[in-house]
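> Sequence:
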Amino acid sequence: MTDKQNPSQISNINTKISKFKEQIVENNAQIKKFLEKRDLLNEKVRIAREEVTKLKVERDALNEKVKELKKQRDAVRVSVGPLLAEINLIDEKVAALKKNLPRINYRETKKELEDLEFKIATTTVDLQEEKRLVEQVKQLEIQLVGFKKIDSNRKKIKDIIEHRKTFDEQAEVYHNELTEVAKKSQDLHAVMMEKINVIKKDREQADSLHQSFIKAKEQNNQLYEQIRQLIAQSTGIKTTLRDQYIARRKEEETKRQLEHAEQVVKEQAMKEKIGTQAREKLNRGEKVSWDEFALMLGDVKDDEAETQT
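With the numbering used here, letter number 248 in the sequence shown gets 248, and the count goes up by one each step, no holes.
For the record, the hints were derived by calculation from the structure and aren't laboratory data. Treat the hints with care, as some may be off.
[To be verified] Once the Cα atoms are required to be at most 27 Å apart in a straight line, the calculated DSSO-like pairs of lysine-lysine come out as:
| # | residue 1 | residue 2 |
| --- | --- | --- |
| 1 | K32 | K215 |
| 2 | K200 | K54 |
| 3 | K165 | K149 |
| 4 | K217 | K44 |
| 5 | K56 | K44 |
| 6 | K217 | K200 |
| 7 | K215 | K19 |
| 8 | K184 | K67 |
| 9 | K37 | K201 |
| 10 | K33 | K21 |
| 11 | K56 | K71 |
| 12 | K21 | K32 |
| 13 | K32 | K44 |
| 14 | K37 | K200 |
| 15 | K44 | K195 |
| 16 | K16 | K33 |
| 17 | K111 | K131 |
| 18 | K32 | K217 |
| 19 | K155 | K165 |
| 20 | K54 | K65 |
| 21 | K54 | K183 |
| 22 | K184 | K195 |
| 23 | K33 | K201 |
| 24 | K148 | K158 |
| 25 | K21 | K217 |
| 26 | K255 | K238 |
| 27 | K156 | K111 |
| 28 | K56 | K184 |
| 29 | K16 | K238 |
Could you put the whole structure together from the sequences, leaning on the hints where they help?
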């Protein structure tokens, strides 16, 4: 890994981190929408469930009323049974009476009786004829009694039928009310089932949004993890660069110190050489420059210092 490559890698890492952060911002915006829609649907489901509960209570109350009306209607219908039995019994009595009566009706029999009584009262007949006519009167009177009994029984049947009609009308009232209440119950049940179906769809959509929210959150967690890895990678590269920089500075400083020491040695050797040459000139009686003299003195001092050492 070269020094030129490291900054380039850091730049690439920063670019990736920026893209990941942008993706996280977009995901967070989506998460917010998911949560808002999910919460709205959950609230809608809650309200709908309360409505369904109320409808169920109302429907159940109507069903109870239907049951009660059925009991009342059936009780009335049961009451009709004895009336029918009584009508049948009276019909049998009428049929039995008719067997002993001539085919003529009550009016004709009554007229025949009146005519016979008038004949007896206004006509002179012998004793035997009179007995025959009197016996005939008795028979007609018996027949009239039979007709009266038939009429009486028919009146009873009519009264019973009227009574039954009252029961039938009451049963019809109960039945109509029952039908109306049952229809209301069915309508409520239909509305309730429709709401339940809507609740089911809203619940499924809310669950789907919640899953989308979880997925987006997991994606963000993955992006955060990638960002952490990239930051760690970037930090490692920066640490390496810093260590390389420090090592290079130390190397340069060591090199500089070595070069300085070499320069000092060279200068010292030069000074000693010039000082030695100046001393030799003086020994030969030659002139020396001030710089040569100063270097010679420095050289002497150094010698004395070395001697003392």
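> Indicate, hint by hint, whether the structure satisfies it.
How the hints compare with the structure:
As the CA atoms of K32 and K215 are separated by approximately 13 Å, the hinted pair is consistent with the 27 Å bound. Under the criterion of a C-alpha separation no larger than 27 Å, the hint pairing K200 with K54 is consistent with the structure, at around 18 Å. A C-alpha spacing of about 24 Å is found between K165 and K149, which places the hinted pair at or below 27 Å, so the restraint holds. Of the supplied pair hints, the one linking K217 and K44 holds, its CA atoms being roughly 24 Å apart against a limit of 27 Å.
Taken as a hint, the K56 and K44 pair is honoured in the structure, with Cα atoms around 18 Å apart against an allowance of 27 Å. Taken as a hint, the K217 and K200 pair is honoured in the structure, with Cα atoms around 25 Å apart against an allowance of 27 Å. Simply put, K215 and K19 have alpha-carbon atoms about 19 Å apart, close enough for the 27 Å limit, and the pair holds. Taking the CA atoms of K184 and K67, the gap is about 14 Å. The hint holds against a cut of 27 Å.
In summary, the hint linking K37 to K201 is supported, as the alpha carbons are separated by about 14 Å, within the 27 Å threshold. For the hint linking K33 to K21, the alpha-carbon distance of about 19 Å falls within 27 Å, and the restraint holds. Distance restraint check for K56 and K71: the Cα-Cα separation of roughly 22 Å lies within the 27 Å cut-off, and the hinted pair is therefore satisfied. About 16 Å separates the Cα atoms of K21 and K32, which keeps this hinted pair within 27 Å; it holds.
Of the supplied pair hints, the one linking K32 and K44 holds, its CA atoms being roughly 18 Å apart against a limit of 27 Å. At most 27 Å may separate the alpha-carbon atoms for a hinted pair to count; K37 and K200 meet this at roughly 16 Å. Distance restraint check for K44 and K195: the Cα-Cα separation of roughly 11 Å lies within the 27 Å cut-off, and the hinted pair is therefore satisfied. Distance check on the hinted pair: K16 and K33 sit about 26 Å apart at the alpha-carbon level, within 27 Å; holds.
With a CA separation close to 20 Å, the supplied pair K111 and K131 stays within the 27 Å bound. Restraint check: the Cα-Cα separation between K32 and K217 comes to about 11 Å, which is no more than 27 Å; the hinted pair holds. For a cut-off of 27 Å, the pair hint linking K155 to K165 stands: about 15 Å separates their Cα positions. For a cut-off of 27 Å, the pair hint linking K54 to K65 stands: about 17 Å separates their Cα positions.
Between K54 and K183 the alpha-carbon distance is near 18 Å, which keeps this suggested pair within the 27 Å criterion. For the proposed pair K184 and K195, the alpha carbon gap of about 16 Å is at most 27 Å, so the pair holds. Distance restraint check for K33 and K201: the Cα-Cα separation of roughly 19 Å lies within the 27 Å cut-off, and the hinted pair is therefore satisfied. Of the pairs offered as hints, the one joining K148 and K158 holds, with about 15 Å between alpha carbons and a cut-off of 27 Å not exceeded.
Of the supplied pair hints, the one linking K21 and K217 holds, its CA atoms being roughly 13 Å apart against a limit of 27 Å. Of the pairs offered as hints, the one joining K255 and K238 holds, with about 25 Å between alpha carbons and a cut-off of 27 Å not exceeded. Between K156 and K111 the alpha-carbon distance is near 26 Å, which keeps this suggested pair within the 27 Å criterion. For a cut-off of 27 Å, the pair hint linking K56 to K184 stands: about 12 Å separates their Cα positions.
Taking the CA atoms of K16 and K238, the gap is about 17 Å. The hint holds against a cut of 27 Å.
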